[in-house]
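Sequences listed follow chains A and B, in order. The first sequence: position 377 = 377 (the working numbering), numbered continuously. Position in the second sequence counted from 1, then plus 1000, gives you the working numbering.
Hint data in this document are derived by calculation from the structure and do not stem from the laboratory. By construction, the Cβ of each residue, glycine as well, lies at the ideal position given by its N, Cα and C atoms. Keep in mind that a hint or two might mislead.
[Stated by the list, open to error] Under 8 Å between C-beta atoms, here's a sample of chain B residues computed to sit facing chain A:
id, residue
1, Asp1016
2, Ala1031
3, Trp1047
4, Gly1074
5, Ile1075
6, Lys1076
7, Leu1077
8, Asp1082
9, Leu1083
10, Leu1086
11, Gly1087
12, Pro1088
13, Arg1090
14, Gly1103
15, Val1105
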Amino acid sequence: MGRVLNIDKPLEILRKGVDSKLETNLNACVKCSLCAESCMYYLAHKEPQYIPGAKAELVSSINRRYNTLSGRIAPALFNARELDGEMADKMVDMLFGSCTMCGRCVKHCSIGVDIPYIVRKGREMLAAMDMVPATLQSTVDAALNTGNNMAIPQEEFVDTIKWMEEDLIDEMGDQNARIPLDEYDKEIFYTLNPREPKFFPLSISAIAKIFYAAGESWTISSKYYDVTNYGFFNGNNQQAAQIAGYLYDEIHKLRGKKLVLGECGHGSRATRWEGPGYLKTEFDFETVTAVELLGSYIREGRIKLDKTLNNSKVTIHDPCNLVRNGGLYNQIRFVVKNAVSDFQEMNPYGEDNFCCGGGGGALAMSEYNERRIKIGEIKATQIARTGAKVVITPCHNCVDQLQQLNHTYKLGVKIMTLAEIVADALVINKQ
Amino acid sequence: MAKLEIEGRVFDVDGDGFLSDPSVWNEEVAALIAKSDGIDQLNEKHWAILKIIRDNFETHGNAPMIRKICQETGIKLREIYDLFPLGPARGACRVAGLPKPDGCV
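Based on the provided sequences and hints, a complete structural model is requested.
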C-alpha cells in the first residue's frame, strides 16, 4: 500500500464551505445503527462493515482528520483517519462495491441522514483519484465517446428501429404504425435504454404500439437516445454533465416539446432531477417519465385497456430511483391496476421496498457480481412469497437483475416493463 | 479475475463468469458453459446463434445486435429468449465466449 495518492482533489470536495449539505450530514450520525437492518448488504452478510452508517463513517473520519482541530491534533482519539492507499481501497470496496445507493437506510435512519449522498460524495473523491472500478468507467466511456452506453453504431441502431417498425406495420396492418426517427417539432422526444435496441427490443415495440394507439406525435433521435447516465454513479460530475448535455442539445436540435424518459430509474433521476444541476441551467421543456405518460393516457382516455387480457398474478418491483427517491408510487400502481386483473403487493413494498440488488451501477461492475447475486436473494424471496407469475418493473436495470435472480433462484416468473404489460392489454380499434 | 469450474475444467473468468481470454473458446467450452447455465444439450438453433455472435466478435470485436442474430438465423426474437433463458447477453454471449458487454446487462 506504499503508493502515493494525490489527495488534494478529493479533499477539496470535503473542504469547509464547499458543500453545506455534506457537512451537515457528515456530522449528524448518532451511531444508533438502526440503519443496519435496512441494508441488503448487512442483512445478507451480517458484518458490521456493511452497516450504512459505517460506510458513511469512512468519509466522516477523513473529514475529521483534515477539517477539525481535534482530528488534526489527536486523530486516534477522535477516530480521524488519513486518506491513504489502504483507506482509498476500503472506500472503493464499500462505496462502489457494497452500496446500491438505494436510499432505504435514509428512511430507517432515526434522524434522516442522507447516507447515499455521502456515498456519492465518497465516490466523487475516488473518481478524483482515478479509482472508479474499470467496468463502471468503461460504461461511462462508451456513453461519452459514442452517445450511448453500449457503443451501438448509429447505422445499426437505425437498422434495428426499421426492423421493429416493419413488424409493427405488419401487426397493425397500417402504414402509419411508425417508429419515427429524427423528426422535428414532435410533441414527444422519447428516450431508450441502449439494451433495448441491442438485445431486448420488445419494449420498443410495446411503447410504439401504445403511441400508435394514443395517436401521439413522437420521435426518437438516431444518435442521442440514451436515457442512462452512469456519470451519476461513477462520481465524475464533469462526465455526468457531458452525458446530460447530449440529450439536452438533441431535444433542442429536433425542437421536441416534451422529453419522455424511457423506463430507467437512475436515468430518470439523473436527467430530470440532477440534469439541470449538472448543466447549471433550467430545462426549457417539459420532462416526464414513461410511467407518468402512460398514466396520463389512461386518465385522459387516449388508450383503452382490457385488464382481462392479463390474467396471471402480477406483482410490482418498485425501482428505488422512481419510487423511494422519485415519488411515483401511486402512478405505477394506477397504471398496473388498469392493465392487469390479479395484483399482489410484495412485502415490503413502495417506499420501503428492497432494491433489486443491481442499482448504483452494481449491474455494470463485474468486480462485485457475487455480492450482487447474494443480496439479490432477499429480492428473490420477496418475489417468491407473492406467488406472482409476472413481475412488473419500470426500469431496465432492475429487469436485468431480476432476470438473473429469476434464473439463479429458480423463481419461474416473467419479468416485464410497464409498457410491455400495458401493450398486452391494449384494445385497438383498427380502421 | 475469478475461476469458473465446470466438470473438472477450470477457466479464468471475470466476476460475471465471462471468459477472461476469449481465445480459449471452442465448441467444447461452449457446451460446458451452457451446461453451467442449465442448457444440457446445445441444439442446431443454439449453434446457429452462437456462430453469428462469434463471427461478429471476431470481425468487429463486439456482440451483434439482436436484429442481426434474428435476421441471419431466421429464428424469431421470442424464441431466442427461450433458447437462452439468461438472454442474449448474459446467456448467449457468455456461452459464445465473449467479454461481458457494457451497460445494463
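Each hint tested on the structure:
{"no.": "1", "hint": "Asp1016", "in the structure": "4 Å, holds"}
{"no.": "2", "hint": "Ala1031", "in the structure": "18 Å, violated"}
{"no.": "3", "hint": "Trp1047", "in the structure": "19 Å, violated"}
{"no.": "4", "hint": "Gly1074", "in the structure": "13 Å, violated"}
{"no.": "5", "hint": "Ile1075", "in the structure": "14 Å, violated"}
{"no.": "6", "hint": "Lys1076", "in the structure": "11 Å, violated"}
{"no.": "7", "hint": "Leu1077", "in the structure": "7 Å, holds"}
{"no.": "8", "hint": "Asp1082", "in the structure": "12 Å, violated"}
{"no.": "9", "hint": "Leu1083", "in the structure": "13 Å, violated"}
{"no.": "10", "hint": "Leu1086", "in the structure": "5 Å, holds"}
{"no.": "11", "hint": "Gly1087", "in the structure": "6 Å, holds"}
{"no.": "12", "hint": "Pro1088", "in the structure": "4 Å, holds"}
{"no.": "13", "hint": "Arg1090", "in the structure": "6 Å, holds"}
{"no.": "14", "hint": "Gly1103", "in the structure": "4 Å, holds"}
{"no.": "15", "hint": "Val1105", "in the structure": "5 Å, holds"}
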